[in-house]
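Chains as they are written, first to last, in this note's numbering: chain A, 3 to 504; chain B, 46 to 492.
By construction, these hints were calculated from the structure, which means they are not laboratory data. One thing to keep in mind: the hints can contain errors.
Stated by the list, open to error - Partial chain B-side listing against chain A, Cβ under 8 Å, derived:
1. Val79
2. Val226
3. Pro229
4. Ala351
5. Arg396
Bear in mind the structure is a predicted one, so any value in this text is a computation, not a measurement. Ideal placement from N, C-alpha and C gives every residue a C-beta, glycine not left out.
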Amino acid sequence: MSVEIEPKTDAAALGDRLHPEPRHEPLVFERSGKGKVGYSLPPLDVPDALAIPENLRRADVEGETEITEVEVARHFTRLSRLNFSIDEGLYPLGSCTMKHNPRTNEELARLPGFAASHPLAPEEVSQGTLELAWRLEQALKELTGLARVTLQPSAGAQGELAGILMVRAALAKTGDPRRVVLIPDSAHGTNPASAHFAGYKVQELKSNVRGTLDLDVLEKAMTGDVAALMLTVPNTLGIFEDRIRDIAAIVHAKGGFLYCDGANFNSFVGVAKPGLMGIDVMHMNLHKTFSTPHGGGGPGSGPVAVTERLVPFLPRPTVERRPDGAFTLDFDRPESIGRLRTFLGNYGMFVRALAYISAYGDRIGEVARGAVLNANYIRARLTGVYHLKYDAPTLHEVVFSDKKQGEHGVHAIDIAKRLMDFGFHPPTVYFPLIVPGALMIEPTETEGKPGLDAFVAAMRAIARESEEDPEIVLKAPHATPVRRVDEVAAARQLVLRWRPKE
Amino acid sequence: MKFLPTSDAERQAMLQAIGAARVEDLFASIPREVLGPAKLGPPMSEIEIRRFLGDMARRSANARDTAFFVGAGLYHHYVSAIADQMLYRAEWLTSYTPYQPEVSQGTLQSIFEFQTHIALLTGLDVANASLYEGASALVEALLMAERLARGRNRAVLSAGIHPEYRETVRTYFANLDLEVVEVPLAEDGVTDRSALAAAVDDKTFAVAMQSPNFYGLVEDWKTASSVAGPRGAHAIAVIAEAASLALLAPPGEGGADIACGEAQSLGVPMQNGGPLLGFLACRTAHQRQLPGRLVGETHDAEGRRAFCLTLSTREQHIRREKATSNICTNQGLMALASNIHMSLLGKKGLREVATQSHAKAEYLKRRIAAVPGYRIPHVGPTFNEFVVEAPVPAAALLSRLAVRGILAGVPLSRWESGAERRFLTAATEMNTREEMDSLAAALAETA
Numbered sequence: 003m004s005v006e007i008e009p010k011t012d013a014a015a016l017g018d019r020l021h022p023e024p025r026h027e028p029l030v031f032e033r034s035g036k037g038k039v040g041y042s043l044p045p046l047d048v049p050d051a052l053a054i055p056e057n058l059r060r061a062d063v064e065g066e067t068e069i070t071e072v073e074v075a076r077h078f079t080r081l082s083r084l085n086f087s088i089d090e091g092l093y094p095l096g097s098c099t100m101k102h103n104p105r106t107n108e109e110l111a112r113l114p115g116f117a118a119s120h121p122l123a124p125e126e127v128s129q130g131t132l133e134l135a136w137r138l139e140q141a142l143k144e145l146t147g148l149a150r151v152t153l154q155p156s157a158g159a160q161g162e163l164a165g166i167l168m169v170r171a172a173l174a175k176t177g178d179p180r181r182v183v184l185i186p187d188s189a190h191g192t193n194p195a196s197a198h199f200a201g202y203k204v205q206e207l208k209s210n211v212r213g214t215l216d217l218d219v220l221e222k223a224m225t226g227d228v229a230a231l232m233l234t235v236p237n238t239l240g241i242f243e244d245r246i247r248d249i250a251a252i253v254h255a256k257g258g259f260l261y262c263d264g265a266n267f268n269s270f271v272g273v274a275k276p277g278l279m280g281i282d283v284m285h286m287n288l289h290k291t292f293s294t295p296h297g298g299g300g301p302g303s304g305p306v307a308v309t310e311r312l313v314p315f316l317p318r319p320t321v322e323r324r325p326d327g328a329f330t331l332d333f334d335r336p337e338s339i340g341r342l343r344t345f346l347g348n349y350g351m352f353v354r355a356l357a358y359i360s361a362y363g364d365r366i367g368e369v370a371r372g373a374v375l376n377a378n379y380i381r382a383r384l385t386g387v388y389h390l391k392y393d394a395p396t397l398h399e400v401v402f403s404d405k406k407q408g409e410h411g412v413h414a415i416d417i418a419k420r421l422m423d424f425g426f427h428p429p430t431v432y433f434p435l436i437v438p439g440a441l442m443i444e445p446t447e448t449e450g451k452p453g454l455d456a457f458v459a460a461m462r463a464i465a466r467e468s469e470e471d472p473e474i475v476l477k478a479p480h481a482t483p484v485r486r487v488d489e490v491a492a493a494r495q496l497v498l499r500w501r502p503k504e
Numbered sequence: 046m047k048f049l050p051t052s053d054a055e056r057q058a059m060l061q062a063i064g065a066a067r068v069e070d071l072f073a074s075i076p077r078e079v080l081g082p083a084k085l086g087p088p089m090s091e092i093e094i095r096r097f098l099g100d101m102a103r104r105s106a107n108a109r110d111t112a113f114f115v116g117a118g119l120y121h122h123y124v125s126a127i128a129d130q131m132l133y134r135a136e137w138l139t140s141y142t143p144y145q146p147e148v149s150q151g152t153l154q155s156i157f158e159f160q161t162h163i164a165l166l167t168g169l170d171v172a173n174a175s176l177y178e179g180a181s182a183l184v185e186a187l188l189m190a191e192r193l194a195r196g197r198n199r200a201v202l203s204a205g206i207h208p209e210y211r212e213t214v215r216t217y218f219a220n221l222d223l224e225v226v227e228v229p230l231a232e233d234g235v236t237d238r239s240a241l242a243a244a245v246d247d248k249t250f251a252v253a254m255q256s257p258n259f260y261g262l263v264e265d266w267k268t269a270s271s272v273a274g275p276r277g278a279h280a281i282a283v284i285a286e287a288a289s290l291a292l293l294a295p296p297g298e299g300g301a302d303i304a305c306g307e308a309q310s311l312g313v314p315m316q317n318g319g320p321l322l323g324f325l326a327c328r329t330a331h332q333r334q335l336p337g338r339l340v341g342e343t344h345d346a347e348g349r350r351a352f353c354l355t356l357s358t359r360e361q362h363i364r365r366e367k368a369t370s371n372i373c374t375n376q377g378l379m380a381l382a383s384n385i386h387m388s389l390l391g392k393k394g395l396r397e398v399a400t401q402s403h404a405k406a407e408y409l410k411r412r413i414a415a416v417p418g419y420r421i422p423h424v425g426p427t428f429n430e431f432v433v434e435a436p437v438p439a440a441a442l443l444s445r446l447a448v449r450g451i452l453a454g455v456p457l458s459r460w461e462s463g464a465e466r467r468f469l470t471a472a473t474e475m476n477t478r479e480e481m482d483s484l485a486a487a488l489a490e491t492a
């Protein structure tokens, strides 16, 4: 079962096919021309008052654009074509969960009742928007098996902070907030950063040879000074901590909380419940598990689910349903950790997530089953070709390394760049840190077998090239809008903006 | 299921390649006792989902179908159709953080342009690729100032800063061994310079103020910078209504070291409060302490201009607990929308939006001031929002007006006690004279 796939080494040919126009697009400021206009407003229908003293006003914004709508349309269309996207092909960026984004969700989020509504409008005229937030919370409660969910955090990292702050508040109430948060060495970098900003010292736990948490190590580290263990489930290797309940028991026995980084919830959503695992608090990424678009890097949305014990500390406000059926915001929460941002959260993402959950309903476990099948298929087809440091069973992703290719001087970054020539986005590279030269592959459930086969064929071809013709891999990419970009030069000589010519 | 492209035959072939009999076998590592399906009801078709969510959308008032004057940090401004329609392009919508610059030049260049727009508008040298929203942008600005002034532990905030921004700062700073001092406003509703000066000591790393402040009053950035500078603290300018940046003296001119806040007004729909668009700008000397994503210009192997993420060694995926911030993503799609919007409006349009918003608010202010029983408590200059004092409790008044299709503003009682009869009302270029007349007439009826 092999698929023929040709590397697109002929840069010009690929360029002609995908990018027939020049690949270089000037900056929008460089397209500007004096006197051009790209907008129209109605004439002012009130007196032209200017009641601000001159010393508090500015002159025109020098350097700002003068450009027509036509040119703006061209500019941003041309720029867009320099991007790779999910709709073009497999985007197996591990840990990021790049799956198909249903377009009906985009349409719904733009309904005026959502897109043109304001969270500070009176509740009497905001029942629909409040109900949607309440319904999303109910769905996430059902999926996690936990007591309540805050939708407020703007993204996963802010959710982590909210979760740890709630833990801290609960412990502080007993008189001892404790000083330490335990985090395995396989964790996302946001975990230690979030714990730090919640005022905790981070203690790293070394993973065992299986790539999972070592219970002896945990037992030793889990003292009365530890507020929480932050555990990614399944971990960043894609391995489920099969002793999760024992882990929870160890943490709870010492009065600590078990925090779950739910970035990988998509691998067991609708199949297993964090509430049954002994998890006390868990953030989810709506842009991962629930398919809100990644948008070139945000917006995210990071709801946090908690056990009953942490409910009093949820961020303010919460959305409540009154006995008469009306929805209301509850600000009267004296033990709340407060707010992490303005308003209710990334509401537009709530709309998309609820639409997504509704499409699956009771069958949402198929998301996890599809993701796990696809990742295991890639694993089976590439094992032996690429080194697999940890061979425990994995769920939704698989982390290979460049160890074999490294013998020929080819490294993870080169493999990543070469994949672009085959028409794929590269996997996540050099993460998790416990796998040197990591290639972290997450195909998600929305990739079909033909796409997976083509990816496998490309990965096999690159492995072959690494032995027979490493230069072509080392000099990759050859068929992208720009060749390999000099990131070192960018950091050395910082140019962070365009400047008008004097 | 229409989002799952694998046929039964393909699934069988895949299972065979894996060596598993059933998909369920792949989950063997999950203990049985934690397994549990979710009960969410039957799957819905696209038509049913449209009905289900569409019904909720209809049961919320929106700015298109009402006379709309609600602001308080989130504003109803003009956004051209092209800005939103461009977001539908898969290359923008379905791509991610541009970790791999060779296949992400579109996103990278757009962010570079966004950084330039923000630098131009704030009058500062550089800006980052965006942050979540205004309140957490202020947190990041304060933490940045603390890094720049190592060893100092006090932040001084004017009470003219949006109350939800200040509450966010309190949440973030609660456990950081940093002191946050809030300085009450003077009688006239603007930052009290002498009180501010009195609160600043040699341990102060930042002095932050907002203009237009939460009550809509235009402040002088020098109030903070003249107090901060001599004590070695950093002046932070907070902007919650970014449309003002094209008309009001920019933070850079007023001596601010850092400008931060909410750029939603510049091309992002209200969306019931999110996703929004935080921004952070600073002077070149401090650029290496900027948190969040940054895009820099560089070149490719053939010498062509190219862009990439830069200074990632400050970030959490490298530095972990020693990172400048725990933020991972920026607000990519919102920054794109804003870049398109700012580019379209440009020098002339951004200014006209600001001057129209201001002129309309001035008109509305005069109309409301003329309604018997109503009063404008502050005399200072405002941009496009101001406080109204009603003869009756404001929250109930606003609810009564809302059910009549007039969303007249936000009651201050939401954030402070002792202000039961006061509300904030805002006007933008979207409001017509008729709407403003109808608001004044409705207030006259309720007086």
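Here's how the hints hold up against the structure:
Among the interface hints, the one on Val79 of chain B holds; its C-beta lies about 4 Å from the nearest C-beta in chain A, closer than the 8 Å criterion. Interface restraint check for Val226 of chain B: the shortest CB-CB distance to chain A comes to about 17 Å, outside 8 Å, so the restraint is violated. Because the closest C-beta pair between Pro229 of chain B and chain A is about 20 Å apart, greater than 8 Å, the hint is violated. Because the beta carbon of Ala351 of chain B sits about 5 Å from the nearest beta carbon in chain A, less than 8 Å, this interface hint is met.
At a threshold of 8 Å, the smallest CB-CB gap from Arg396 of chain B to chain A is about 6 Å, leaving the interface hint in force.
This entry does not satisfy hints 2, 3, going by the numbered hints stated previously.
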